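Turn these sequences into a full structure, and let the hints steer you where they fit.
There are 2 protein chains.
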Amino acid sequence: MHNMTKVAVDAMGGDNAPEAIIDGVISALKEKDDIFCYLVGKEEIIKTYIGSKEYPQDRIEIINATEVIETAEPPVNAIRTKKDSSMVVALNLVKEGRADAFVSAGNSGAILVGGQLIIGRIKGIKRPPLAPIIPTEKGASLLVDCGANVDARPQHLVQFAKMGSIYYENALGRKNPKVAIVNIGAEEEKGNQLVKETFPLLKECKDINFIGSIEAREIPHGYADVIVCEAFTGNVILKMYEGVASTFLSVIKEGLLSSLRGKIGGLLIKPVLKSTLKEFDATQYGGAPLLGLNGLVVKTHGSAQKKEVKNSIIQCATFKELKINEQIQEKI
Amino acid sequence: MHNMTKVAVDAMGGDNAPEAIIDGVISALKEKDDIFCYLVGKEEIIKTYIGSKEYPQDRIEIINATEVIETAEPPVNAIRTKKDSSMVVALNLVKEGRADAFVSAGNSGAILVGGQLIIGRIKGIKRPPLAPIIPTEKGASLLVDCGANVDARPQHLVQFAKMGSIYYENALGRKNPKVAIVNIGAEEEKGNQLVKETFPLLKECKDINFIGSIEAREIPHGYADVIVCEAFTGNVILKMYEGVASTFLSVIKEGLLSSLRGKIGGLLIKPVLKSTLKEFDATQYGGAPLLGLNGLVVKTHGSAQKKEVKNSIIQCATFKELKINEQIQEKI
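The listed protein sequences derive, respectively, from chains A and B.
Here the first sequence is numbered in the numbering used here, starting from 1 and rising by one per residue.
Here the second sequence is numbered in the numbering used here, starting from 1 and rising by one per residue.
One thing to keep in mind: the hints can contain errors.
A pair counts as met if it fits within one copy or between any two copies, since identical chains are not told apart.
In silico DSS-like pairs for lysine-lysine, Cα to Cα no more than 30 Å straight-line [stated by the list, open to error]:
#, residue 1, residue 2
1, Lys263, Lys203
2, Lys82, Lys190
3, Lys323, Lys253
4, Lys196, Lys278
5, Lys126, Lys263
6, Lys126, Lys190
7, Lys307, Lys32
8, Lys331, Lys175
9, Lys274, Lys190
10, Lys270, Lys138
11, Lys270, Lys95
12, Lys274, Lys30
13, Lys138, Lys53
14, Lys82, Lys196
15, Lys253, Lys274
16, Lys253, Lys178
Because the hints were derived from the structure by calculation, they are not lab data.
Being a predicted model, the structure only gives us computed values, none of them experimental.
This is the structure we're talking about:
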């Protein structure tokens, strides 16, 4: 068990729980043999489902938790009152040092609150940001923060930039990643109060490769590796991505189906389109880490399927192996 | 001249000036005979270009202006110092009541600053928002504010909602438009400080059809008609739209060109794709109005071609005919 990465998995969280979660766990364990998973949730349900499966039994432990935090529950209250929920029990495994990481596809707010309240922040970290990988024309960028800390202050954004750089460099393997701040124009004097105050601080920061402002238009083109912004803005960016892409596809699809010529063309391009869009699928990178905690918390999409869950768990092993948290502790 | 809409057009602003601007003006005058345009800019250049054209000479007047405000110039300084620029001279025509509206594809910041400093706000209006039309799956939505007032306060957003409703109802002809505020979740308690303070004010507001929060993901699907947000957020939304759409298209195109099958399919779908994307082209609605001024200011894209310029000018006639400013004055 010494070099194992131990992951506490919320078996009850997400639209496709527990099936997709359990399948993802098994798939991850089969792919990498240095991972151990705690499946946390209603024991009976987990046992019934996993019973029919073939899996490495010595690397899964089922931990019973009788409650479930639902998607729409107010987060703080849920974490405080549902002490025997799969999420709280799993987070406690990380707190107690029995697990290195926590993965959940459940209530996002509860994951963010629970991570901070139960696992706690690395000393010196003011606000732990949620940092999803977003696909770009050139590969992938890291968006920090995308939902954890609305109304953040300049000092917080500087920490986001530093932690984001460390994470990106290690997890995506690109040295000296380009860091940019989201702005509404390229010039230094542009922006709202927060950006204007943060810009000079980032410029002074020696630990990062700060390239200046990035306009939202340039984000999908991949002009920066680490994209720093306040959480409200980050959330808007992430969701515009999903919204524009899905609207675009449905409008194109509808257009193609409206004529015979379009239908035939559509059939011909389908395989190419599929593989092209696959490259544009961020789930290959796993879920979004909540950076700066005494342990790793990974939030996967509520709609996550087996593959994304698997990648999120493998991501935890990478995080541990590359000692990302140790680097954050050292450099912040 | 009595029922004419008189538009002061900045003939020197934008990437394609003066050609696209002059062509757009001529095209608008040919389409509607109750429009009169002042072409403001370097007389010699305008005369040389327009000389070879056929146009209604009694409805165009060339007004000489010897200076040009460049795209990258700091706006406030440019408006203050370049008194004989096409932009300042044209804005003064509106101020003096000789023109009803001002159209420019030039320096956005200068248009916003010049509109406020020279034409001035309607009494009671705190901050005039820039309100572009964005295409959606269901038609079009109005995004207020998308760049004029960063760090706006709750009272400003309420005015944006009211003015946006009046504009949308008249210009797009849909009664009782649905108004939503951009948020990072559907529940009332979600959001940053600004949204939390604005939400109850919008809820209380009897003049608008407030439907609550809208997540960025839902904007392209057209769930709301008037989308209210602070300018930084609005700018990010607008630019993500452009960025994701263009990246998506270029990735798909590259994918199609990588195989023979894709190439043939691509040829077949081209006409359908083209007409589909045309529906998704907001330039059919003209430019973005700066609402709440004593006269209309319309900002068109810097890259505007003839068609968008034409539609922006026709938009000014609609604005005058429907007495949108009188309604704003009355209801704010």
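Now for the hints, and whether the structure bears them out:
1. Proximity of Lys263 and Lys203 under a CA criterion of 30 Å is satisfied in neither setting, with 52 Å inside one chain copy and 46 Å between copies.
2. In this assembly of identical chains, Lys82 and Lys190 lie within 30 Å of each other by CA distance solely across copies; the values are 21 Å between and 46 Å within a copy.
3. With identical chains, the CA atoms of Lys323 and Lys253 are never at most 30 Å apart, being 45 Å at best within one copy and 40 Å at best between copies.
4. For a Cα distance limit of 30 Å, the shortest separation of Lys196 from Lys278 qualifies neither inside one copy, at 37 Å, nor across copies, at 38 Å.
5. When the C-alpha separation of Lys126 and Lys263 is checked against a cutoff of 30 Å, the pair qualifies neither within a copy, at 54 Å, nor between copies, at 52 Å.
6. In the homo-oligomer, the alpha carbons of Lys126 and Lys190 lie at most 30 Å apart both inside one protomer (26 Å) and across protomers (21 Å), since each shortest distance falls under that limit.
7. Taking the shortest Cα distances, Lys307 and Lys32 sit within 30 Å of each other inside one copy (14 Å), while across copies they are farther apart (58 Å).
8. Only within a single protomer do Lys331 and Lys175 lie at most 30 Å apart by alpha-carbon distance; the minimum there is 16 Å, versus 57 Å between protomers.
9. In this homomeric assembly, Lys274 and Lys190 never come within 30 Å of each other (Cα to Cα): the closest approach is 39 Å inside a single copy and 36 Å across copies.
10. Taking identical chains as interchangeable, the C-alpha atoms of Lys270 and Lys138 lie at most 30 Å apart whether they share a chain (22 Å) or sit on different chains (25 Å).
11. In the homo-oligomer, the alpha carbons of Lys270 and Lys95 never lie at most 30 Å apart, since the shortest distance is 47 Å inside one protomer and 56 Å across protomers.
12. For a Cα distance limit of 30 Å, the shortest separation of Lys274 from Lys30 inside one copy, 27 Å, qualifies, whereas the shortest one across copies, 46 Å, does not.
13. When the C-alpha separation of Lys138 and Lys53 is checked against a cutoff of 30 Å, the pair qualifies neither within a copy, at 39 Å, nor between copies, at 46 Å.
14. In the homo-oligomer, the alpha carbons of Lys82 and Lys196 lie at most 30 Å apart only across protomers (27 Å), although the nearest pairing inside one protomer, at 42 Å, exceeds that limit.
15. Taking identical chains as interchangeable, the C-alpha atoms of Lys253 and Lys274 lie at most 30 Å apart whether they share a chain (13 Å) or sit on different chains (13 Å).
16. Proximity of Lys253 and Lys178 under a CA criterion of 30 Å is satisfied inter-copy only: 27 Å between copies versus 36 Å inside one chain copy.
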